[in-house]
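First to last, the protein sequences are chains A and B. Here the first sequence stands for residues 1 to 219, numbered as in the working numbering. Here the second sequence stands for residues 1 to 212, numbered as in the working numbering.
Take every hint as true, because none was put in to throw you off.
With a cut-off of at most 30 Å between alpha-carbon atoms, the simulated DSBU-like pairs for lysine-lysine come out as follows:
no. : chain 1 : residue 1 : chain 2 : residue 2
1   : B       : 55        : A       : 153
2   : B       : 168       : B       : 113
3   : B       : 55        : A       : 125
Rather than coming from a laboratory, the hints here were simulated on the basis of the structure.
Residues per chain, in single letters:
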Amino acid sequence: MAQIIQAPQGGKKGRPKRSSPVIDMTPMVDLMCLLIVFFMLTTAFTKEKVMDMTLPEELKDPNQEAPKISASRTLNVLLGPDSRVFYYPGAVNDFNSLPPLTETDFSEEGIRRVLLERNRALFRKIEAFENDILTGAIVLPRDSIESAISQLKKDDDTGPIVLIKAYKESTYGNFVDILDEMNICGIARYTIMNIAWYEEAMIERALGVSTTAATASAN
Amino acid sequence: MAKMTKIRFSNKTPHVDMTPMVDLFSVVLIFLMLTTNFRISEPSPVDTPFSVSEKNIADFDKMTIVIANNGAVFFNMDNGPDTLLKYRPKTLQEMGDRYGIEFTDEELRKFEKFPSSIGVPIEHLKDFFAADDPGDKAAFQTGIPMDSLNNQLGMWILYARQVNPNIKAIIKGGADVPYPRVKEVLDLLQAYNVNQFSLVTALEAAEAVLED
Numbered sequence: 001m002a003q004i005i006q007a008p009q010g011g012k013k014g015r016p017k018r019s020s021p022v023i024d025m026t027p028m029v030d031l032m033c034l035l036i037v038f039f040m041l042t043t044a045f046t047k048e049k050v051m052d053m054t055l056p057e058e059l060k061d062p063n064q065e066a067p068k069i070s071a072s073r074t075l076n077v078l079l080g081p082d083s084r085v086f087y088y089p090g091a092v093n094d095f096n097s098l099p100p101l102t103e104t105d106f107s108e109e110g111i112r113r114v115l116l117e118r119n120r121a122l123f124r125k126i127e128a129f130e131n132d133i134l135t136g137a138i139v140l141p142r143d144s145i146e147s148a149i150s151q152l153k154k155d156d157d158t159g160p161i162v163l164i165k166a167y168k169e170s171t172y173g174n175f176v177d178i179l180d181e182m183n184i185c186g187i188a189r190y191t192i193m194n195i196a197w198y199e200e201a202m203i204e205r206a207l208g209v210s211t212t213a214a215t216a217s218a219n
Numbered sequence: 001m002a003k004m005t006k007i008r009f010s011n012k013t014p015h016v017d018m019t020p021m022v023d024l025f026s027v028v029l030i031f032l033m034l035t036t037n038f039r040i041s042e043p044s045p046v047d048t049p050f051s052v053s054e055k056n057i058a059d060f061d062k063m064t065i066v067i068a069n070n071g072a073v074f075f076n077m078d079n080g081p082d083t084l085l086k087y088r089p090k091t092l093q094e095m096g097d098r099y100g101i102e103f104t105d106e107e108l109r110k111f112e113k114f115p116s117s118i119g120v121p122i123e124h125l126k127d128f129f130a131a132d133d134p135g136d137k138a139a140f141q142t143g144i145p146m147d148s149l150n151n152q153l154g155m156w157i158l159y160a161r162q163v164n165p166n167i168k169a170i171i172k173g174g175a176d177v178p179y180p181r182v183k184e185v186l187d188l189l190q191a192y193n194v195n196q197f198s199l200v201t202a203l204e205a206a207e208a209v210l211e212d
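Please model the entire structure based on the sequences and the hints provided.
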């Protein structure tokens, strides 16, 4: 691509030619090409996104009791291996007859449907509120929208209380997925808990693993 | 027969004016410099999970705990809103005091400028800074010990929070990391009274439709 500069042929003696000097831009183009390639390879357009998460404070005082929640609103979601999800409502009172687990998955028709059905009232409220914002029926500054939605969540007293428990063979990806579902479905109350031994037994039974291990840990 | 016209070629090389191309490239270059930000490379590959969260990561006042795909844990923090605050070297100095290692000014400066996460046990950190070859350096990045006998990650968290009280914890984990490994990190953070943190995720779209 480089341009060959030829010596002027002939010309009048003594008097330099009166022509505007030509600056060869080719090396500059080469350099800029390199810089552009460098920037395209080492940089990214998007910033990393984060999802905020709060864990309940650990109970440090042994006399302090964990907050009580009503069993009728409780939905236990158990994360299993291979991206499998199980859930059962309520609490386990009798360890000899464990409630059956229902299996579902992370698809739109899976756990999201389950959560939305249970969170119908609150989800409708949030949807209507967001619709009002879009159509301009309610005018709020951008940063108050979030606090208004969290106020809606706080006032809600019909939605499920989701207890998320991860089985030892589940992955971090599943854990983020289920937290993400909480945000998508607008679940007001959820928490991450340690899995109990009887819940591990329930998962193992659902997976078809021999129940001897489960009964051994029960004794 | 008609006389064929002789085509004459100019013996001058054609001159292509590159100026508009330079103009165009300048515009593209300036656009790229202004709109993008540098990709931070992690010492070990991390494939973050997906979520719908659109919240951007903070620019400063953050400590990142990286859980790589192979389960190794790395630690990173920033210098704070102003590099004069020198939070990174201060934290390293505290760590050195804790483990009886004296870091030279040179090493502190190297740590301050180090661009990616650190996964070197504190006792090998001096050798890590002394190594020149990138391959040798990478061999030291085995992950920070975090068991109860040798809880160096806990100390990093403790001193980072002491040096910069505004620091926020960020967890960047690989999607296929087993949950118990993540649980260890979460428990450790809770043991040092960190109950609020952010999880780094990649953006994906999701739809929630409730039928009647």
